[in-house]
Amino acid sequence: MSPTKLEPAVALAELQESKPDRVTIVVLSGDFDRVMAAFIIATGAAAMGMQVTMFFTFWGLNVIRREGATSGAKDLLRRMFGLLNKGGAGRLPLSRFHFFGLGTGMMKKVMSRNRMPGIAELRETARDLGVQFIACTTTMGMMGVTKDTLIEGVDQLAGVSTYLAEARQGNVNLFI
Amino acid sequence: MSPTKLEPAVALAELQESKPDRVTIVVLSGDFDRVMAAFIIATGAAAMGMQVTMFFTFWGLNVIRREGATSGAKDLLRRMFGLLNKGGAGRLPLSRFHFFGLGTGMMKKVMSRNRMPGIAELRETARDLGVQFIACTTTMGMMGVTKDTLIEGVDQLAGVSTYLAEARQGNVNLFI
Amino acid sequence: MSPTKLEPAVALAELQESKPDRVTIVVLSGDFDRVMAAFIIATGAAAMGMQVTMFFTFWGLNVIRREGATSGAKDLLRRMFGLLNKGGAGRLPLSRFHFFGLGTGMMKKVMSRNRMPGIAELRETARDLGVQFIACTTTMGMMGVTKDTLIEGVDQLAGVSTYLAEARQGNVNLFI
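First to last, the sequence lines map onto chains A, B and C.
For the numbering used here, count along the first sequence from 1 and bump the result up by 138.
For the numbering used here, count along the second sequence from 1 and bump the result up by 138.
For the numbering used here, count along the third sequence from 1 and bump the result up by 138.
No wet-lab data here; the hints were simulated from the structure.
Do not rely on the hints blindly, as some may be mistaken.
Claimed, not checked - Listing some non-contacts, in silico: residues in chain A with all C-beta distances to chain B over 10 Å:
id	residue
1	263
2	270
3	299
Stated by the list, open to error - Computed Cβ-Cβ distance ranges for the label pairs, DEER-style:
id	chain 1	residue 1	chain 2	residue 2	range
4	B	284	C	291	33 to 41 Å
5	C	279	B	290	47 to 55 Å
6	C	296	A	266	20 to 28 Å
7	C	290	B	262	48 to 56 Å
8	B	285	C	251	14 to 22 Å
9	C	187	A	251	41 to 49 Å
10	A	252	B	250	41 to 49 Å
11	C	258	A	299	38 to 46 Å
12	B	284	C	185	22 to 30 Å
13	C	303	A	290	29 to 37 Å
14	B	290	C	284	28 to 36 Å
15	C	259	A	268	41 to 49 Å
Beta carbons are placed, not taken as given, at the ideal position from N, Cα and C, and that holds for glycine.
Put together the whole structure using the sequences plus the hints.
This is the structure we're talking about:
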C-alpha cells in the first residue's frame, strides 16, 4: 500500500483491530442459572482476550458477598432486607423450579457429577482472567451492603456512569 | 492532513466522532427492580449526552400506563388480562421476595428513607432528559391496552422494526 | 472518488456498508413471553436483512426440543431434571401470572383470536428467514438433552466461544 492512499478494506481492518473488544455484563439477577450464564460468558470472553467488566447490582450483589455475611445496616428495615437477601454465591436459587431448594440442589449435583465448575469456581476463574468486578454503590446503599461484607478482589465500587463509560466503548453489552 | 491521504488513526477518530452514541432498552419485565435498573441506566445515559430509546413491551407496558387505568378492551378475555395486568408504575412487584407486596413495600420505604427517587420520578426525569418512549403496538393489541390508557409523553406507538432501526445504530442495546 | 484518496465520509459509508449487521440473542429463559419477544425480534431483524443468531441455553433449550420429548439421560438425576424441564415450545409458562397455566392459556387464546402467530409458527418463520439456531452444548450435557430430542433445523451444537465469535462482530446482542 502506498502511503498516499487507503483502501476501504484496509481502513476496515485497521478499525477492527483498534476497536476495543469489550464485554460488559450487568448482573441484576440473583438466580443461579442466570448468574452461571453470566460467568460462563465472562470467563469465555476473557479467555478469548476480550476485556470484560461485570457490574453487580440488586440481587446480583449477593454473588460477590462473602459467604454468610449479613447486612452491616444499622436500621431495622435495611437489616431485614439484608437478611432476606443473605449473602454468598452458594445460596442462589434457580429462576424456575425452585421447589424450596430442590431444583438448585439437583442442578448442583448434576454439575458436580459432570465435573462442571460451580459459581464460586467460575468467579475465581473470572478474577484470575482479569475480569473487572464493579459493585453498584446505589444498590449497596439501598440494601445496606457495606464494603467489608463483599469478597476480596472487587475492583471498584461505582455507579451507573462508570458502567456506561465502559459499555459505550464495547458492543457486547448484556443485561442479565 | 492532506486531502489525498487518510491515516487509519484519523479514519478511526472520524468514525468514533460520527458514530451516534445510542442506548436502546427493551423493557419487557414489569418487575420493580428490573424497571428501576432500566430507568437508572436510561437517565444516566441521557445525562451523559447519549441518545436513549426505551421500548416498552409486554409487562413493561404497565410502566407507562396511567395509574389505575384499566383495559379499554371490549372482549372478556382481554379485559381479564387487562385487570391482571393493572396499570401504573406504582404497582410493580419485585422479581424476588414479593411476599404479597411486603418485599416491594419494604424496598420503597428504604428508598424513600434514603431519599432515592421512585419509578414515577425516574420516569419523569427520563422524559425531561429527552429519553424516547416507544410503546409496543403488538403487545398493546394483545393485552387490549389503548392509547388513552397510556401516560402523556409517549413518543411513538410502534413495532419491532422501529426498535431495530434504532438498535442497529447503537451499541448499548439492553433487554430487561 | 479517485482511487488515490479516501474521504472520511466515504470511509464511514464504506465501513457502515461492510460492517456485518448482526443480531445475537441468548435465549436462557423458558418463559413464554420472553421467548415470544426473542422470536419477534429475531424474525423482524432477519426480515430487515440482518444476520441473526439465536443461542439456546438452559430453559431456552426447551424451545428447540421436540414436542413431548423426554430426556435421553441415563442417570436418575438428569432424567428427573429432563422431566421437570419437559420439552416443546407449546409448554412454556409466562414469567408472571402463571396461575397453573391459566395466564399462558389466556394469552394464547387472545393471540389466536387476534390471529397472532404462536411460538411454533414464529420459530418456523425464523428458520425460513435464515436465522441461525445454536444449541448450547454445556447445558445439553448438564440437563441430559441429546441431539435426537431437538427439532430438525438446529444449525450447530456449540459452546460459549461460538456465541462470542458471533457477538463480537455484531452490536445488537441481547440476553433474554
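Evaluated hints:
Against chain B, the non-interface label of residue 263 of chain A holds: every CB pair exceeds 10 Å, the least being about 25 Å. Residue 270 of chain A, annotated as away from the interface, keeps every beta carbon of chain B farther than 10 Å; the closest lies near 17 Å. Chain B draws residue 299 of chain A into its interface by the beta-carbon criterion, the shortest separation being 6 Å against a cut-off of 10 Å. A hinted range of 33 to 41 Å for the beta carbons of residue 284 of chain B and residue 291 of chain C is consistent with their spacing of about 39 Å.
One distance hint, 47 to 55 Å for the beta-carbon pair residue 279 of chain C and residue 290 of chain B, holds here, with the actual separation near 52 Å. Distance hint check for residue 296 of chain C and residue 266 of chain A: the Cβ-Cβ separation is about 24 Å, which falls inside the suggested range of 20 to 28 Å. One distance hint, 48 to 56 Å for the beta-carbon pair residue 290 of chain C and residue 262 of chain B, holds here, with the actual separation near 51 Å. In this structure the supplied range 14 to 22 Å holds for residue 285 of chain B paired with residue 251 of chain C, their Cβ-Cβ distance being about 21 Å.
Separated by about 45 Å at the C-beta atoms, residue 187 of chain C and residue 251 of chain A satisfy the suggested range of 41 to 49 Å. Roughly 47 Å separates the CB atoms of residue 252 of chain A and residue 250 of chain B, a value that falls within the hinted 41 to 49 Å. Distance hint check for residue 258 of chain C and residue 299 of chain A: the Cβ-Cβ separation is about 43 Å, which falls inside the suggested range of 38 to 46 Å. The beta-carbon spacing between residue 284 of chain B and residue 185 of chain C, approximately 27 Å, falls within the hinted interval of 22 to 30 Å.
In this structure the supplied range 29 to 37 Å holds for residue 303 of chain C paired with residue 290 of chain A, their Cβ-Cβ distance being about 33 Å. Distance hint check: the CB atoms of residue 290 of chain B and residue 284 of chain C are about 54 Å apart, inconsistent with the given range 28 to 36 Å. Between residue 259 of chain C and residue 268 of chain A the Cβ separation comes to about 45 Å, which falls inside the hinted range of 41 to 49 Å.
Checked against the numbered hints given earlier, the structure breaks hints 3 and 14 and satisfies all the rest.
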